[in-house]
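K.L.:
Listed here are the chains, written in short residue letters.
Number of protein chains: 2
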Amino acid sequence: MYTYIQLKSFAYNVFVKMGCPAEQAEIASTALVSADLRGVDSHGVARLSGYVRLWEANRINPVPNIKIIHETPSTAVVDGDAGLGLVVGPTAMKIAMDKARNVGTGWVSVKNSNHFGIAGFHSMLALNEDMIGISMTNASPLVAPTWSKERMLGTNPIAVAIPAGEEPPFVADFATTTAANGKLEILQRKNENTPTGWVQDKDGNPSIDAFEVKNGGSLLPLGGDREHGSHKGYCLGSIVDIFSAVLSGASYGPWAPPFVSFLPVADDMPGEGLGHFFGAMRVDAFQPKDNFKANMDNWIKRFRSAQSIEGQEAVLVPGDPERIIEKERIKTGFELLKPVENDLKMLAEKFEIQL
Amino acid sequence: MYTYIQLKSFAYNVFVKMGCPAEQAEIASTALVSADLRGVDSHGVARLSGYVRLWEANRINPVPNIKIIHETPSTAVVDGDAGLGLVVGPTAMKIAMDKARNVGTGWVSVKNSNHFGIAGFHSMLALNEDMIGISMTNASPLVAPTWSKERMLGTNPIAVAIPAGEEPPFVADFATTTAANGKLEILQRKNENTPTGWVQDKDGNPSIDAFEVKNGGSLLPLGGDREHGSHKGYCLGSIVDIFSAVLSGASYGPWAPPFVSFLPVADDMPGEGLGHFFGAMRVDAFQPKDNFKANMDNWIKRFRSAQSIEGQEAVLVPGDPERIIEKERIKTGFELLKPVENDLKMLAEKFEIQL
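Same order as they appear, the protein sequences are chains A and B.
One point on numbering: in the working numbering, the residue at position 139 of the first sequence is 139, and numbering is uninterrupted.
One point on numbering: in the working numbering, the residue at position 287 of the second sequence is 287, and numbering is uninterrupted.
Hints are supplied without guarantee of correctness; some may be wrong.
The list treats identical chains as one, so a pair stands whether inside a single copy or across any two.
Cut-off 30 Å, straight-line C-alpha distance, at most; resulting in silico cross-link-like pairs (DSS-like, lysine-lysine) [stated by the list, open to error]: (1) 289 <-> 17; (2) 301 <-> 345; (3) 202 <-> 94; (4) 301 <-> 214; (5) 350 <-> 67; (6) 301 <-> 202.
No lab work stands behind these hints: they were computed from the structure.
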């Protein structure tokens, strides 16, 4: 078992060894370990060695000059200078919030970045200032559009965080596929099959093999197939791709640079690096703050008390599951899977730091 | 068979007979019949008698004083004064576009409105000015959250329209449920069952009965069940509800006023009427216009040429299916279902106008 502080310090030390300035290593490690905290284990310290390999492949710049290259009062395009998405993300989100402070809302599209951890972390930065936070990102192409067998989109997540009053905030954070890649990895470890509608094989046949994506198959857009609305998941993933990458000048669609360093980046990339999109809306740009919060409390209470189906769990509000896990893990600590622990030990040895 | 002009003039005349000023009847009929044009038959002239019944129940004000009640440089809250959503929607979208012209983007949340037709119509208004248009609305509660048997949300659609250069625009317009209510109605007419994951019965059991929602059952969020990601559809529907109704002061969640006039509105409504949310983002608030359009053309061409699965149709880009139908219907005219035609004849008689 590891404590939150142990994992965060370890990630901090790794980022410092990669050459990140202290302040940026602090932001990056907070963003990274927020995934472990919220139960999204696939996006936390389990990814640390992946970031290191990208850095070794010269695809991550540890001392980026993150800058605004175009702006209006409510918008900006940010060049991440190939920095860690874990650093570029919060920097861009802060710009969105600054703009919201001035003109009500702020919208920032980012190019030339890398994987930014969990989308929810960035959107939640807005909560403390009574703003609604929105974040999304494109990602390694693993997802086939409806009727296609070709990997054209990433799991392209969307996160929306909305402040409440006495109730905890509403936080939605989800991949626009039926299931995120991390869910597949869990089944792979257990040697179990997937439900229907998660994956297809390389020829586009429906499959329940959890290893399908490793064999040239694809993840499927939310909905699974046309009859169950996969064209809607395809729409959502496309919107994320266009807002994150076409608006910013990043590399989009099948050209999005892959997270794994052993895959080459396309040599005909139409843009620079990965793209993100952030939004911040001041609640009081619409309603008196207290009024909005009272209504959000009412909304949340009403949904949490919706009649549940006999034999099923109680109805949850988006953000509930992650908050329950976070509360527990802060108390009990973090149990790492053996391969993840070995990965961290390898990094400890490599960088001559303590785990 | 009817021509576009015939249907539009008829709708125009009905709205005028309801007391709408000529200019508003023009906007409303254009918005309404755009649904028939784009193949969303459930939201076009088939709904005309429904609007009339709401007007007869004093729930639609034909001469609304639509006004901004709060604003910042990039946001506004609009009071629709119980007007037709078909008029309130374009008015609010215009305000969003005006703001975008000034500060890059504009975001308008609307209260005290009614059903606004198809979401896509409103978002597409932005295209002519080289803006990205976004529209969403809450709606009659028919959808149960994951694990619930209670109807808490509407089919709450999201539409996003993105301009391109030589290619036609990207237009996504979809309900946040597995299937829209209109799809159910088609199956009801044919006396066919639904696929799995579309509906559940009043106790929350999975069902394939197309009449289930009429018998107290619910539509299901996109995903269908937990295993297939219905919590994501539930998140999307909730975000639409909060942006449209909590941000504006409209009635949200299970309190959203029903479209059908024979159902009473809740007497403990937390807000006024139905809510919408509109966004407009000037493309050149992010990228030089021509650059953005060239990249959108590239995006669209690349996706349309994605490898399709053997035996399946070619891969489409969001907006393709509706544009194909529109092109055809402009040529061939519109064939109305018998009950819809009878409905219009009834209205023709009632208002003493020509069909």
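K.L.:
Now tell me if each hint is right for this structure.
P.N.:
The hints, checked one at a time:
no. : hint        : in the structure
1   : 289 <-> 17  : neither (44 Å within a copy, 42 Å between copies)
2   : 301 <-> 345 : neither (45 Å within a copy, 46 Å between copies)
3   : 202 <-> 94  : neither (41 Å within a copy, 46 Å between copies)
4   : 301 <-> 214 : between (43 Å within a copy, 27 Å between copies)
5   : 350 <-> 67  : neither (32 Å within a copy, 64 Å between copies)
6   : 301 <-> 202 : between (45 Å within a copy, 22 Å between copies)
Comparing the model with each earlier hint shows violations of hints 1, 2, 3, 5; every other hint is respected.
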